[in-house]
Structures are given as structure tokens and as C-alpha cells.
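Just so you know, the sequences run in chain order A and B. Per the numbering used here, residue 1 is the first one in the first sequence, and the count goes up by one each step. Per the numbering used here, residue 1001 is the first one in the second sequence, and the count goes up by one each step.
No wet-lab data here; the hints were simulated from the structure. Each statement offered as a hint is correct.
Taking lysine-lysine and the DSBU-like style, the derived pairs with C-alpha atoms no more than 35 Å apart in a straight line are: (1) A:167 to B:1167; (2) A:227 to A:80; (3) A:80 to B:1167; (4) B:1227 to A:167; (5) B:1167 to A:227; (6) B:1080 to A:167; (7) B:1080 to B:1227.
Number of protein chains: 2
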Amino acid sequence: MDAVVLLSGGLDSYTAAAIMRQHGFDLYALSVRYGQRHGLELEAARAVAANLGVVEHREISVDLSTFGGSALTGSSAVPKDRAVGRAVVHADVGLRTPDSGIPDSGIPITYVPARNTVFLSLALAWAEVLGATDLVIGANAIDYSGYPDCRPAFLEAFEHLAAVATKAGVEGASFRIHAPLLAMTKGEIIRRGLDLGLDYGLTHSCYDPAAGGGPCRRCDSCLLRAKGFEEAGAVDPLVARLLRSRD
Amino acid sequence: MDAVVLLSGGLDSYTAAAIMRQHGFDLYALSVRYGQRHGLELEAARAVAANLGVVEHREISVDLSTFGGSALTGSSAVPKDRAVGRAVVHADVGLRTPDSGIPDSGIPITYVPARNTVFLSLALAWAEVLGATDLVIGANAIDYSGYPDCRPAFLEAFEHLAAVATKAGVEGASFRIHAPLLAMTKGEIIRRGLDLGLDYGLTHSCYDPAAGGGPCRRCDSCLLRAKGFEEAGAVDPLVARLLRSRD
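All chains, full assembly: derive it from the sequences and hints.
Structure representation (C-alpha cells):
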């Protein structure tokens, strides 16, 4: 069975892909260049795709910064040193972290509009060409507040859309949007990945990396990643490497 | 009321936009560069946007030819001189015409996978930034065979997806996908547009234009357009211009 997996270069999508591989799927990895600040995510996506042994890895560009409004597409500063709480929503595919320290603050500065809808649409386009009906997204939602497109209701709506939007669907095929991390904590995700033998030293999570590409350890994504490794009782190989380089 | 309208530079999306303008909407036009053979469509989209007096016109690139498989994204030859029947499906946004002369031939060579899903997702991204809940597509389906993503079922599924994918939707807003041409013949579309005072000389429909940019008059899109003008009892200003230039 073939599955199209959205691969960002972060640890969530890497882990989601590995879980699907364990379930017997042949992986077709899709990375989306959507106007990120830096190309490090895509370099990481290539390394992760190679490590996973995917059948094919394709990259597609769509500049969502055209529509404005997100720190992740380069139009605002990345916040630093904020509290990263337990009730946090994080979708690694594309990297998104909420203003968890600020109650009900509306759409966070790192939010990219309709991103999961756009990404799944692109995955659907490739799936249609491949004849595949399984899509994989590393979406992760410990609670659902503020991130509509990480909820089960969104994933189900996309499954229905795929069924009516495609020739295969009309002919009776069922599409599945797999989000194996949906109900897992960051610590559980990392523990699962380590059990699967994943090398998280290949991944990239930082929103605002230093000149050498190392993590800043202060942005929401770095703080959430650190919390996850702590919960998993493991050492982040990226941080270990950074600390070694300073010796 | 603001509406995001997908504008291809063809006559269907131009007419759909004009109908929405007549209904009192302020238009935000979005054109998608998706790996077309030529830039004439986008030049036409700019001219049409100016003629409509849209509030803003934005262009976004997404190279769907990454996934292969369509004559419209440059990987195959454009068919010529085929019968263009009455039971034809044509979505002007992006230009799609079926193998109407070949019964049940499967996906036609001019088919772009999941195109309307991708295009509406991009329109939704912009709508989310604008705070708009009305999207407009020039989709046109005289019958539904072979083109799943021109059916009312597809448009309804996308409305539901938009409601669960966005913050506005979760807060109770309803999204509408307007497809005002859905049940109209090509002749009816052109008649309606002429009644609205549209200048179809600004549009571009040809899949395979000559060096000077004039229509080939032999591809499916040119043949369908000619049939539409004939049904509307009108002269195509593009053809009139071409014939004058030969005098």
C-alpha cells in the first residue's frame, strides 16, 4: 500500500511517517516550501526522507506569504522565551506553536492560514496521480483550542472532500487521512520514535536558528522540543551536538 | 461583503466574478500560476481584474506539474480538432476540457489532479487573512461525468471543510463556495457576460496559442469557446481581431 506523507523535516512528521512504515506502507514523501524563513527545514526533510527509505521524495513550492500574516513566512519577528504549557497544540508539518502563555489571544503569530488544508490538497494531487488513497500528516493536538485544522473534525471533513473531489473516490475508493500522533504528547511522540530507532539528530525544529544552523533553544518550537525530550527521559542529539561544539 | 474569486484569465471566471460584483460583492481576485505552458493566461487575468475593478489582485505560484500527468502543465501535447459535444464539462478556472469525443476515456489529457481542491484551498488561505467567507469559482458542469471536482457535492464538501478548517468557521461563520455558472451552457455564460457589458477581448482561452498570442482555433478550448459564441449569437472579439489582422 502506498501512502503520501507530508514531511517537514521536523520530528513529528518523521515519527508519523515511521509509524506508517511500520504498518507496512510504502512512503511517498512530500515537502512543501511555503515561504519559510530558511531552507534548513527542507535540508532536514531530505535527510529524514533518506533515513526512512521512502520510495520517492518530492518538493513543491507555494508561497503562502503572498497572503501575509505569519512569523513563519517571514513577515514578523519570532517570539522568544515564552512559557510553553502542557495544553499546547503543535503541528509539526510546517511547524506551528500557539501563544500558550497568552490566554485566548486569537490566531498566534506563527499561524499560517489554511496551511493544513493547502498541504493536504497538494498531497491529494500527488495521491491522485499515484493511485494512492492514504495521506499522512504529523498533526498533533493535545487540546484543540485555536487550531481548527488539527482537530479530528477537520481530518474527517478532508476525507469526505477527497472522496467527492477525485475520480477514485467517485468510483468507490475510500480516502484515509492518517494522523497517528493526534492524541500523543510530545514526550510520547519522542519515546515512540526512539523505540522505532529514529535519529532525531537529522530533524530541524527551530523557528529562528543561529548562523551555523543550530537551534536557538528559546523559540516556542525549541522550548516545546526540549520539554518533549525531558518527558521522554532522553537527550536531544541536536542539543548534545550544540553543547559539544561549545566545548 | 468581500469575496475571493479565482481568476484564470478565461471567460468563465471573468463572468462568474462579474455576476458576484453585480450581487454587491467587493472582489479580491486570486490567480494561480500552476505550471501553465504560457503566461498569456496571467496577462489576461491582470487585464480582466483591472476591467472588473477588483479591490486587489494577487498571484501565487504552485507547480502542479511536479506531480506530472497533464497536457496543461506541459508534459504532453495538446489535442487538436476533436469533436466538442454538448455534454461537455468545462471549468474555466485553470482551463479544463474533457475528451468529449472519446466515450468514457478516463481522465483526459488536460486534467490537472485535484486542481479545484488546491485552488480553493489557496483562496481559503487568503479569505482567512481577509476575514472573508465567500469564495468564487468559475466551475461549470453541464454534466458531471469525469470531473468530480465540478459537482455540487464537491462544492458542498468544501464548504463544510472550510467551516471546520478555520477559526472563523469554528466561531460560527458559514463559508459559501459560489459557482454561479455551474448549471449554465457556454452560450448562456457568454450571453450573460455580454449583458453585463464584459469585454471578452481581454480574455484568453486557447491551450496552444500561436507565436503572436492569437488563438489556435483548433484546441478543445478554442472549439468550445467558438461553439459558445455561436450559441450566444455573438462574435468573439478575439476571432474578429485575428481575422482583421489577416486582412
